[in-house]
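**Student:** Model the full structure from these sequences, guided by the hints.
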Amino acid sequence: MKRRKLKQGVWISLYLVLIVGIVASAFALRSAMDSVPSEDDDLDYVSSSILDEDVPVINEVSKMIKPYTASGVSIAKSYYDYQADAAEQEKSIVYHDNTYMQNSGVDYVLEDVFDVVSVLDGTVTNVKEDELVGKTIEIKHDNDYVTVYQSLSEVSVKKGDTVKQGDVIGKSGTNELDSEAGNHLHFELYIGGQVVNPANYIDKEIKKDDTNKNTTSQTDKNNN
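First residue of the sequence shown? That's 357 in this note's numbering, and the numbers climb one at a time after it.
This list has only true hints and no planted wrong ones.
SDA-like, lysine to any residue: derived pairs with alpha carbons at most 20 Å apart:
(1) Lys-484 / Lys-514
(2) Lys-496 / Tyr-546
(3) Lys-422 / Ile-562
(4) Lys-422 / Glu-544
(5) Lys-491 / Asp-471
(6) Lys-520 / Asp-500
(7) Lys-422 / Ile-558
(8) Lys-422 / Asp-559
(9) Lys-491 / Thr-518
(10) Lys-527 / Asp-468
(11) Lys-433 / Ile-449
(12) Lys-514 / Val-473
(13) Lys-514 / Thr-481
(14) Lys-491 / Val-480
(15) Lys-491 / Lys-514
(16) Lys-422 / Lys-433
(17) Lys-419 / Asn-499
(18) Lys-560 / Ile-421
None of these hints come from the bench; they were simulated from the model.
**Tutor:** Spelled out as structure tokens, the structure:
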């Protein structure tokens, strides 16, 4: 059997392929070694910005503020509480047109006109003017909370507006229903469609998952 010799050009091509392969392998090995961090490297596996921007969305807690910011504001009439004694209940009666009515909110008074603010974040669901209670704003909040602001002399929002807690929504004024109170704000709070005593919720922590619990407890109080 005869041996066939490779031509010189073929040998040169094989050598070139071999050399290219060796160079490529060396380059790949060097790149891999460079990518391995040394002990002196300042590693930052978790960015601080990720931690800073992490906002919990479960069990959020907020506090309902008072519907005004002016100093010197006092309560002229409180919410009519069925559990209060007779003396307190008498102070919570509204008399108009020879009729006695139980006060369904809290009346805040001050000699001078004062700003009225939203007690929580929410959306304005109604703005109207009534001959008896004056200009009125209704705002819906999370947890099925609804707040009502009556006896306003000015209104600064319209239906559909989104408001933040503390935003000025109007100014106090007078109304025909409780004209004896003079300049005041009548403030009501509803939870789950039930009117409740606002004093039990102002400056108190409100959890977004506590709607049913708050509504039930307050409703039970009113029914006793």
